[in-house]
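Participant: Following the hints, put chains B, C and D in place on chain A, whose structure we already have.
Chains as they are written, first to last, in the UniProt record's numbering: chain A, 1 to 392; chain B, 1 to 392; chain C, 1 to 392; chain D, 1 to 392.
In case anyone wonders, no lab produced these hints; they're calculated from the structure.
Hints may be right or wrong, so weigh each one.
Pair by pair, the computed Cβ-Cβ distance ranges are [to be verified]: (1) C:MET1 to B:LEU234: 31 to 41 Å; (2) C:GLU265 to B:HIS40: 24 to 34 Å; (3) C:GLU265 to A:ASP182: 52 to 62 Å.
Partial selection, computed: residues in chain D whose CB lies under 8 Å from chain C [claimed, not checked]: (4) ASN348; (5) ILE353; (6) GLN371; (7) ARG372; (8) MET379; (9) MET382; (10) ARG387.
Here chain B is said to cover these stretches of chain A; the calculated rule only asks that three of the stretch's residues, wherever they fall, bring their Cβ under 8 Å from a Cβ of chain B [unchecked claim]: (11) 314-326; (12) 349-360; (13) 372-385.
All residues carry an ideal CB built from backbone N, CA and C; glycine is no exception.
4 protein chains.
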Amino acid sequence: MTGRHHLFIPGPSALPDDVMRAMDRPTIDHRGPAFQALAHDVQDGLRWIFGCAGPVVTYPASGSGAWEAALVNTLSPGDQVLMYESGQFASLWAEIAGRLSLKAEILPGDWRRGAEAQRIEDRLRADPGHRIRAVCVVHNETSTGCTADIPAIRAALDAAGHPALLMVDTISSLGSIPYRADDWGVDVTVGGSQKGLMLPPGISFNALGPKALEAAKTATLPRSYWAWEPVIRLNADGFFPYTPATNTLFGLRAALAMMRAEGLEAIFARHRRLARATRAAATAWGLELQCAVPSEYSAALTALRVPEGASADRLRQVALASFDLSLGNGLGKLADRVFRIGHLGHLNDLSLISALAGVEMSLGLADIAHQRGGVAAAMGVMAEAQRQGEPA
Amino acid sequence: MTGRHHLFIPGPSALPDDVMRAMDRPTIDHRGPAFQALAHDVQDGLRWIFGCAGPVVTYPASGSGAWEAALVNTLSPGDQVLMYESGQFASLWAEIAGRLSLKAEILPGDWRRGAEAQRIEDRLRADPGHRIRAVCVVHNETSTGCTADIPAIRAALDAAGHPALLMVDTISSLGSIPYRADDWGVDVTVGGSQKGLMLPPGISFNALGPKALEAAKTATLPRSYWAWEPVIRLNADGFFPYTPATNTLFGLRAALAMMRAEGLEAIFARHRRLARATRAAATAWGLELQCAVPSEYSAALTALRVPEGASADRLRQVALASFDLSLGNGLGKLADRVFRIGHLGHLNDLSLISALAGVEMSLGLADIAHQRGGVAAAMGVMAEAQRQGEPA
Amino acid sequence: MTGRHHLFIPGPSALPDDVMRAMDRPTIDHRGPAFQALAHDVQDGLRWIFGCAGPVVTYPASGSGAWEAALVNTLSPGDQVLMYESGQFASLWAEIAGRLSLKAEILPGDWRRGAEAQRIEDRLRADPGHRIRAVCVVHNETSTGCTADIPAIRAALDAAGHPALLMVDTISSLGSIPYRADDWGVDVTVGGSQKGLMLPPGISFNALGPKALEAAKTATLPRSYWAWEPVIRLNADGFFPYTPATNTLFGLRAALAMMRAEGLEAIFARHRRLARATRAAATAWGLELQCAVPSEYSAALTALRVPEGASADRLRQVALASFDLSLGNGLGKLADRVFRIGHLGHLNDLSLISALAGVEMSLGLADIAHQRGGVAAAMGVMAEAQRQGEPA
Amino acid sequence: MTGRHHLFIPGPSALPDDVMRAMDRPTIDHRGPAFQALAHDVQDGLRWIFGCAGPVVTYPASGSGAWEAALVNTLSPGDQVLMYESGQFASLWAEIAGRLSLKAEILPGDWRRGAEAQRIEDRLRADPGHRIRAVCVVHNETSTGCTADIPAIRAALDAAGHPALLMVDTISSLGSIPYRADDWGVDVTVGGSQKGLMLPPGISFNALGPKALEAAKTATLPRSYWAWEPVIRLNADGFFPYTPATNTLFGLRAALAMMRAEGLEAIFARHRRLARATRAAATAWGLELQCAVPSEYSAALTALRVPEGASADRLRQVALASFDLSLGNGLGKLADRVFRIGHLGHLNDLSLISALAGVEMSLGLADIAHQRGGVAAAMGVMAEAQRQGEPA
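Isolated chain A, as found in the complex (with noise of 0.2 Å):
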């Protein structure tokens, strides 16, 4: 097909010319002095965007990896650990702890809703003998587009007097929804490249507090490629204890500086205005949010339910068929009841405004009921937030 393949899936997000164009450079000794420079200037930029003072571990590994290395670093075989089920990513963590030999409990839940503080202050405050060693928790969770109040799961294992590290996985969020793992008391913070930090795919990070730094000191569960301490100590000289990703760094350091360049306060804003754009496209098309709570919904994504007896991965296949155009399938239980817009990393009001031009006329090629006038409603927003001055 001709033109720019039209991408709006919650991750991998577009690249920007930038960040390919630094990425796409001779590979240089990862033990001179030029990766030293390189590597020191990443793990400022990650520790910046993550919010945190402790160190960040970067992995050259997907972001399940990420997961897999904040549980082996911090947990002994048959720890439990209380696993949310906000989604499908959610629930993935959880087999992943379970195949580690770990005793993953999940709070069930609803998948239209964030992880719930009240409901994991409860079983905290059952857990009298502390039995359980860490709460994971999805920040954004990239199935349902809904996203947890980590401050206050933070404030409920304080009011549960409760030891267990808090584990947030952030992987469609950092860079696109505020995040600050230090001010949030959060231990482990599992991050990935290819969403907000608008990098390909490749690598992955756990961003450290103190408690979690303390807890690997002890912790017994068989680790060798996802272990901090070798990172932790040789990234102090800026070199890694394998080869590094050295291509996807240095697309990282461009890309941090692109977001040093806008500022998080206006990137956070204007991912919150292109989620409200699309969500005033998906009140106008008739369509239900799968994210329930307003005060939940996701800046970097939007899902949505087709109607009953409609087919939301036909949806998609006339998508990417008519107009070229990618959007996220339903996961899990969601399959083929919901699609999902990725409305994150490099974009801007007239991409996004592409994407739901897309959706509008797929509707309606693919004969599932909707009203039109999801496009101009976009616009609406978009035009508003023009008259109050907000930055594009």
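Facilitator: Relative to chain A, chains B, C and D alone:
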């Protein structure tokens, strides 16, 4: 600004990744065998695109260089040329003729339609002594969005029994709108890189018929850089008489491969659809088209008039500042009265919707009288095309 | 510094323009049809490169991840593995085994030759109870420049009638030195991207034989990210159980196309010639090779010993500071005693001469005792190869 | 062939990654504010490189276009120009003058030295009526590797009290060899992109002094594309009278930034060292330099004569076929008698060694009488420079 810039001027047009990456290569020896193979490849492709069996001379120059080349290779000081003033670019070509000591007779036009065959025929019939040596017309007037019927103009020359050369500027039509130099009896066709050929600006073309080659033998205007003869002679072996713009030729090879893969008929149909959608938007907005003759609507760009009292340039500033959207300005006597939407080259439905949405919102923000619904109307055209099975 | 950096570490190796430009593309939906086609393409190519009919599991991970994967998929806690200590990388693999709760028995080596089949056979004969579950050897020791004779080691296992799995690390040999997983009866082959495959670091491989797949069914080491089974299952449809490193796979497709065009035999012959030229230089300089067994000289890299009292690291610093040349450092117990010249991947005669000239001049500048004439000797090898009609 | 191609023609020269990546960007609106900023940036940089306070006119054209531009803007039909025939490029410039209806008087040269100030002075003294309107010399003859002493030539005009314009071609010297248009009293300087400026071919320059601007007011040669006036007028606002080669200007901005970072003095010293090393090789090989005057040796390229009976083109074919090395051919009357090594632009010591090694081996393979040791001699020069503390 974050996200992609939205470039919708009527050229330079969007560069495909394939083209940019092809140019992103070390330059090669322009006197070596790899270059020869490149030169032969692009010459074959250019003949295909121009629809000519004779040579296509490629200049490292912008399109105005190729205008000049067409004149200096075929004419002698004081020669009379008939230039049809279809708009700004026709006027510029006439100015060039004047600077080169030709007598440029202008057939005045109202800038709302393309060159008219009947008026040309009438003028030629009034030249029984055949003092007019060349008739110059613009196939697609980039300043107005009007096309000319070249076969009809050819027929006009023939009907008048006039031996003048026929020269046609296809800078903004080539690769977007059907064109057949030989079939249509055009003696010199002027082309450029940065429109339908999906390349950056920097090279331009003269496609030559036998009568033009014959004229070059006796033409006495001084010429060196623009001289066809040494280029044709060295091109036969895959070389050039000067250092060619090698990297742009890398891009041209890639662009031609893309065009062969899509097929000319599909390319032209795509442009017609995008133009139709744009006009549907204009109609919905209540904005008048600069081109007053429906059969002459350009498939490559559309020029829209703003209401009396409104400023087209103000609209363009708002679009750029608010939505990072570049629209074409009104040129010459149309300054501030029209804005132009380029819908040519590497472009598809959803990307065009971006531009139309940006225009619709900017009309509102700039307080220019209009009705909403332009984007919706364009979507209607696109969805209908899908229903009719038109390839996207 | 101006001009190209001269990267001659034994991997990461030089990236071809074709590979870098192929990666310099927008990421695509890893759940869509374009990705499926990509995945099938690279899987076919990987089977070809590894010489295996079974699955090749691709990890977004550095090579040390693939080491870990080979172990955790096939072994159970407390299992005994025999690791032949041919050098630093064999030692690191053994360390990993230890961290994963395996009993790693090390067959000590002197780091001057590759793994010896006879010693392996002897050890296996002394294990009538077959407590050793796997034999791990490095095909090409990147720290020493010695290769191991894998068919002979296979024969050793067979001669001993021992059922242990045979696992081979080909990280720095794959695509540079002949390797045939199936023909040689290797159960798990570990590979990486950043050497002979001419890619940046970031993905790594396990190529699997039937016996390894069988072992995976009963192996009980905990595994999640590294688990073969879900990868193999989803790969069948062109997908992955996690977000793959899509852009690196773009590069892999391009690299495989280049390798098919050159042909494996030509690639191997080129590496042998470059190695021969490097050794000729070493001999002329009067520097001793770390590899003491001529039949085991690596075609991918050469490790050279500096005279007693001299510092290899000082030499490397001079080469970097004076000539922008990166050489490989001595690792582990060879620190400061050897430097390593990588001559693998996307490399030709004249580029290697650059490196050798940089070494020869730096030996002088660093006041390390040597004879001149190394570059001349290497040129002698290259010119002679040309005379013999060897393809460049 | 595998590995990098070795491009050592005297331009186009190697493109830095920074430059290629800078050009690998979407084209922008040449009538918008981002373009204005670009235009102002590159104009500042060009004035710095040319050493002139007046305008530098940039053409989308090869260097021969800029030659033509220098003439047509300042002269009138029949005007006499004095062209010093220092080699092929001086001859071509004279040919161009002839084609443009100028009377080109050639001061014949032997192609073994640069333009001689004394001979120019003598000729001008013999022109008391000042019929000679311009003196044209080539600063660095790309066909011979000889430079001319421009300040001495300026002094020659002054000594003769002759008002002719002084025009200098710096196509292959600019950015490689010191040049100061204003300090040296040059009226029109002709420059190109594809040599010391490290860009692909496609743009070229006229740097103008006040006397040239004055001459342009009365010069009557027809001109349109080449006319300075509209370019200067629109450049003041950051625009051009035609579509500029935007992407090449992106590259120019990047190249200028690199040059500012390295510093002109360091750039010139590097070129001198590379030239010295090349001549040391030539001397060791026993090959005669085409340039017979040591004070005029070019720092940008070296032309070497092959012995009588030997074929330079055969040598070049062997170098290309055996080692993927492109050398410059002998031009005009030097065809097959010399080959040329370009050592200009983005180049460092070790890369030059590649070329010299390729030449040395090819001399042997082509059975051309020579002594070995050229590479060794060049290394001697480079190592000595390091010992003297010269920056690499």
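Participant: Report the numbers of all earlier hints that the structure fails to satisfy, in ascending order.
Facilitator: 6
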